[in-house]
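K.L.:
Each residue of the sequence shown is one higher than the one before, starting from 6 at the first, in the numbering used here.
Don't read these hints as lab results, they were simulated from the structure.
We put the CB at the ideal spot given by N, CA and C, even for glycine.
Watch out, some of these pointers could steer you wrong.
Pairwise CB distance ranges, derived in the manner of DEER restraints [unchecked claim]:
1. N297 with G117: 19 to 29 Å
2. A59 with P173: 22 to 32 Å
3. H341 with A292: 47 to 57 Å
4. E155 with H341: 26 to 36 Å
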Amino acid sequence: MELGLFAMPSHPPERDLREGFEFDLEVLRWLDELGYQEAWVGEHHAAPWEPLSAPDLLLSVAFRETRRLRMGPGGFLLPFHHPAELANRTATLDHLSQGRLNFGVAASSLPGDWVMFDIDGKSGIQRDMMWDSLDLILKLWAAEEPARFEGKFWNVAWPPELHGIFKPHLKPVQKPHPPIGVAGLSPNSDTLRIAGERGFWPMSLNLNASYLKSHWGAVEAGAAKAGRKANRADWRIVREIFVADTEEEAWRLTVNGPMGRMIDEYALHIGRTFGSMKFQKHDESVADSDVNVEYVAKHNWLIGTPATVAEKLERLYHAAGGFGTLLVYGFDYADHREAWRHSLELLAKEVMPRLKHLDAGAAKVAAE
6 MELGLFAMPS HPPERDLREG FEFDLEVLRW LDELGYQEAW VGEHHAAPWE PLSAPDLLLS
66 VAFRETRRLR MGPGGFLLPF HHPAELANRT ATLDHLSQGR LNFGVAASSL PGDWVMFDID
126 GKSGIQRDMM WDSLDLILKL WAAEEPARFE GKFWNVAWPP ELHGIFKPHL KPVQKPHPPI
186 GVAGLSPNSD TLRIAGERGF WPMSLNLNAS YLKSHWGAVE AGAAKAGRKA NRADWRIVRE
246 IFVADTEEEA WRLTVNGPMG RMIDEYALHI GRTFGSMKFQ KHDESVADSD VNVEYVAKHN
306 WLIGTPATVA EKLERLYHAA GGFGTLLVYG FDYADHREAW RHSLELLAKE VMPRLKHLDA
366 GAAKVAAE
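When you get a sec, could you build the whole thing from the sequences and use the hints?
P.N.:
Here you go:
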């Protein structure tokens with residue numbers, strides 16, 4: 006199992022944008038120093054709790070200040086970008102990364118973003134736009150001769166050379182393109198089914214075991230349709246994680262700390278508003294009113310001492326049937342920097358070594 010981080014990035018609404026940016030950059034440097042394998046940075050436009058609208062701005066700086074860590078948008082919201090513009094920006098970012106870029110894509114799930122870009126998100130059109138955009142981006146990257154590519158929502162072209170000085174030239178360093186990760190949100194995700202069909206990395210958010218199983222089922226169904234076998238090593242799972250020297254400290258710094266505040270004021274509020282609380286529950290009979298910060302901390306979060314977190318993580322691994330990369334859900338611990346860094350360090354150096362025996366094939370058998 007490899008280790009990474011998924012950052013929305015999350016910051017409390019009163020956090021200065023520059024301060025939040027600098028904290029996120031600092032965390033990415035820590036990950037590189039601690040031997041983490043990857044990090045993903047989200048894009049949102051109308052959510053004060055998720056204030057970064059251009060992940061490539063942060064990543065372009067982070068690539069200069071790290072040496073080994075692979076990073077990428079998690080993901081670019083493709084319906085909000087013209088495919089040719091994003092193809093060129095992403096190719097440039099791959100050059101700046103010296104080939105350490107992962108290309109994460111998503112369709113968008115926040116109503117405020119839909120309104121800002123005049124997209125009818127309730128219709129699901131954003132998913133069609135995502136695949137249309139990605140297909141056009143890949144065609145531009147693969148083009149060798151002048152060609153015009155027509156999609157459902159956009160048209161793009163690889164233009165001919167003009168006047169001996171104008172010609173297209175922007176292609177990624179990695180061939181045929183950077184690895185593509187696809188974020189899925191809904192249960193039995195159609196997005197992840199198509200990701201499985203096309204061999205892209207599936208990424209699942211931090212909800213309960215039945216939700217996770219439905220995601221992997223979608224990936225497997227898509228892969229089978231294409232005559233492929235899905236590889237659990239490609240699956241990324243996001244989780245709230247905090248490791249401390251004592252159980253009491255872990256509880257205090259999460260439930261009563263930045264993690265608890267964000268989950269209470271933002272994530273659970275979203276769940277109540279959009280009827281998705283059931284995906285936070287370990288048992289469907291639990292009343293929505295009982296699902297609070299203390300509940301999700303007890304049933305969903307991986308918090309505690311290294312021994313406790315290792316035990317919880319192994320249970321999650323077997324319940325899901327095995328996965329390749331654990332992504333720590335990033336929170337704003339700018340006012341508790343040392344505690345957050347210590348947690349990331351304990352996870353890498355004391356928790357993960359206890360789990361070297363995990364094997365995706367064996368985990369699948371146990372889950373069944």
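K.L.:
If a hint holds in the structure, say so; if it doesn't, say that too.
P.N.:
Hints and how they fare:
Between N297 and G117, the C-beta spacing of about 25 Å keeps the proposed range 19 to 29 Å intact. The hint said 22 to 32 Å for the Cβ distance between A59 and P173, and at roughly 23 Å that hint holds. Taking 47 to 57 Å as the suggested C-beta distance range, the pair H341 and A292 does not conform, at roughly 32 Å. Checking the proposed 26 to 36 Å range against E155 and H341 shows it is violated: the Cβ atoms sit about 52 Å from each other.
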